[in-house]
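Q: Under numbering that gives the first Met the number 0, the residues of the sequence shown are numbered 0 to 85, in order.
Treat the hints with care, as some may be off.
Under the rule of at most 30 Å between Cα atoms (straight-line distance), these lysine-lysine pairs were calculated in the BS3-like manner [stated by the list, open to error]: (1) K15 to K5; (2) K67 to K8; (3) K32 to K67; (4) K9 to K67; (5) K67 to K23; (6) K9 to K23; (7) K5 to K23; (8) K66 to K5; (9) K15 to K32; (10) K23 to K66; (11) K66 to K9; (12) K32 to K9; (13) K32 to K8; (14) K8 to K23.
Derived by calculation from the structure, the hints in this document are not laboratory data.
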Amino acid sequence: MASGAKIGKKVRAARKSLGYTQLKLSELIRINKTTISEIENGRFTGAFYIFEHVLDAVGLQFEVTEKKHTLPDWDQIESMFSEDDE
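Model the full assembly from the supplied sequences, consistent with the hints where possible.
A: Structure, rendered in C-alpha cells:
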C-alpha cells in the first residue's frame with residue numbers, strides 16, 4: 000500500500016506538470032489551499048470525496064487492489080533469525 004507521503008508526491012508532481020500552484024489549483028476546484036498542502040505532505044485526514052476531487056483535478060485516480068502478501072526467499076530466512084557472533 001502506498002503511504003500518504005508517496006501519494007502526496009505524485010499529486011504534487013501531477014499538479015506541477017500542469018503548471019498549477021497550490022493556490023491556482025485551490026481556486027479552480029474550490030478547495031482550500033491548506034487541504035491541497037495537507038494531501039501533498041501526506042497529512043490529509045479529511046473526507047474521501049475531497050481527496051478524490053483533488054486527484055481528478057490533476058489527472059490521477061484512486062485504485063483499490065487486492066492486498067499482496069510477500070514472503071522472504073528461503074535463503075533470507077536463515078539470516079533473519081541468526082544471532083550475531085560478536
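Q: Tell me, which hint numbers fail for this structure?
A: 3, 5, 10
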